[in-house]
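Chemist: Single-letter residue listing:
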Amino acid sequence: MHAFDYVEPQTIEEAAQALAAAGAEARLLAGGTDLLVQIESGKLQPQQVIYLGNLVELQEIAWNPATGLTIGAGVTLRQVEQDPEVQARYPALAESARVVGSVQIRNLATLAGNLCNASPSADTSPALLAYDAEVDILGPGGARASSLSDFWTGPGQTSLRPGELVTAIRLPATAAERAWYYRKLSVRRAMDLAMVGVCVTAERANGSVREARIALGAVAPVCLRATEAEALVTGDAPDIAAAARASEAAASPIDDQRASAAYRRAMVRVLVERGLREALA
Amino acid sequence: MKQLINLNVNGSVYPVEVEPRERLLDVIRYKLDLTGPKEGCGTGDCGACTMLVDGKPVTSCLVLAITADNKEITTVEGLASPGQLSELQRAFVEHTALQCGICIPGFVVNATALLRENPHPSEADVRAWLEGNLCRCTGYQKIFEAVLDVARDAAANTA
Chain A
8 MHAFDYVEPQ
18 TIEEAAQALA
28 AAGAEARLLA
38 GGTDLLVQIE
48 SGKLQPQQVI
58 YLGNLVELQE
68 IAWNPATGLT
78 IGAGVTLRQV
88 EQDPEVQARY
98 PALAESARVV
108 GSVQIRNLAT
118 LAGNLCNASP
128 SADTSPALLA
138 YDAEVDILGP
148 GGARASSLSD
158 FWTGPGQTSL
168 RPGELVTAIR
178 LPATAAERAW
188 YYRKLSVRRA
198 MDLAMVGVCV
208 TAERANGSVR
218 EARIALGAVA
228 PVCLRATEAE
238 ALVTGDAPDI
248 AAAARASEAA
258 ASPIDDQRAS
268 AAYRRAMVRV
278 LVERGLREAL
288 A
Chain B
41 MKQLINLNVN
51 GSVYPVEVEP
61 RERLLDVIRY
71 KLDLTGPKEG
81 CGTGDCGACT
91 MLVDGKPVTS
101 CLVLAITADN
111 KEITTVEGLA
121 SPGQLSELQR
131 AFVEHTALQC
141 GICIPGFVVN
151 ATALLRENPH
161 PSEADVRAWL
171 EGNLCRCTGY
181 QKIFEAVLDV
191 ARDAAANTA
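Chains A and B, in that order, are what the protein sequence lines are. According to the numbering used here, the first sequence is numbered sequentially starting from 8. According to the numbering used here, the second sequence is numbered sequentially starting from 41.
Treat the hints with caution; some may be incorrect.
[What the hints assert, rightly or not] Derived lysine-lysine pairs resembling DSS-like cross-links, with alpha carbons at most 30 Å apart:
| no. | chain 1 | residue 1 | chain 2 | residue 2 |
| --- | --- | --- | --- | --- |
| 1 | B | K78 | B | K111 |
| 2 | B | K182 | B | K71 |
| 3 | B | K71 | A | K50 |
| 4 | B | K42 | B | K182 |
| 5 | B | K78 | B | K42 |
| 6 | A | K50 | B | K42 |
| 7 | A | K50 | B | K78 |
| 8 | B | K182 | A | K50 |
| 9 | B | K111 | B | K42 |
| 10 | B | K96 | B | K78 |
| 11 | B | K96 | B | K111 |
| 12 | B | K42 | B | K71 |
[To be verified] Only part of the chain A face toward chain B is listed, based on derived beta-carbon distances under 10 Å:
| no. | residue |
| --- | --- |
| 13 | M8 |
| 14 | G38 |
| 15 | R113 |
| 16 | S193 |
[Said to hold, decoys possible] Here are the computed distance ranges between Cβ atoms for each label pair:
| no. | chain 1 | residue 1 | chain 2 | residue 2 | range |
| --- | --- | --- | --- | --- | --- |
| 17 | A | T18 | B | L125 | 43 to 51 Å |
| 18 | B | A164 | A | D199 | 12 to 20 Å |
| 19 | A | A180 | B | H160 | 47 to 55 Å |
| 20 | B | A195 | A | A69 | 30 to 38 Å |
| 21 | B | Q139 | A | L51 | 21 to 29 Å |
| 22 | A | A150 | B | G179 | 39 to 47 Å |
| 23 | A | D246 | B | N197 | 53 to 61 Å |
| 24 | B | R156 | A | T18 | 31 to 39 Å |
| 25 | A | Q164 | B | P122 | 46 to 54 Å |
| 26 | A | E92 | B | N48 | 47 to 55 Å |
| 27 | B | R156 | A | G49 | 34 to 42 Å |
Derived from the structure by calculation, the hints contain no laboratory data. Note that beta-carbon positions come from the ideal geometry of N, C-alpha and C, so glycine has one too.
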């Protein structure tokens, strides 16, 4: 493996300072399940690696009825999968964490890392979108928050500015306990990327649909919401078939070794229809 | 730039000099001479390098040794006293759950972690937990039977 310098900051602020000082030559290391693979293959050759894995302040999952769920950037996918608050209040996120890789990978990999790696097919992305998650960021300019639609800008690309790191992911209390559906469609049952990822969440009140979210993964340069489809199922007369067709139209998948674009589009329609029937039942 | 770290492996502490880029798998195998964990892929896909770090099964090909400083590491060599076999290891032998053996240290370490967290797993639980371990020889069936055998014995003993 390419050689690099190693820095182990003792606080989040030290980590931000180290990152700002090193600039584009440095990479953050938490679980390493993406970073180390990329360094080994030569895709990345950082001069410096900044290790966040011992920052206890990043390893907490905290629920607050006012602010919702805050998941620190050091929290692993295994913790997300098994946490009682996540399972009870944001079950689609627990389920999507569960289908990533293997137990061994999930014991290392972090939710923040999955989000920052910004693969269009990341398994946790549709659930995070469908729960209106936001990202807390710290950098030379101070602290800021970002919506996910602002955060992902392309395959493997985020809007993080030089010297910025994600410190937490927040899911609002308003999204908790929504009706939900999540399905990762993949060739293999485990250790595989998604061909299509669909997450549907919905809030119903008095027989009417107040909030609907349809999030699609692996079928566009970024994970996205099918907002026109969502509008078709909001209100007193949800049109599930129309929303499924609109979701298909919102996808722009590619052909690759796992599936053709045509198959992916067709599966978006099938899974969104299924998801809406379940969530709106 | 080498750094001195302390690797706590199978109950003993080993001071080791490592470069930051050295993988835990390689330091364990080549500097500590513990060749139980194997390299099958180097990308975290096959599980042959699985060891426990602070009790959690991880693919050690994706862990920098320097980040394992002062953490508790368990390899297959640490599952029983020298010359002994753990109950799970004995079950693997009795069920002929191995052929070439190269995947087995990873399976045994990972399954040990399963049984510590869930002493009575169902077959579905076992299959799901071991998804990250690949075997080219056995077709997996006898591996699952060995693990379930130990799970059944544990259930019988606590009944």
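Chemist: When the structure is checked against the list of hints, which entries are broken? Sort them ascending.
Modeler: 2, 4, 8, 16, 19, 21, 22, 26
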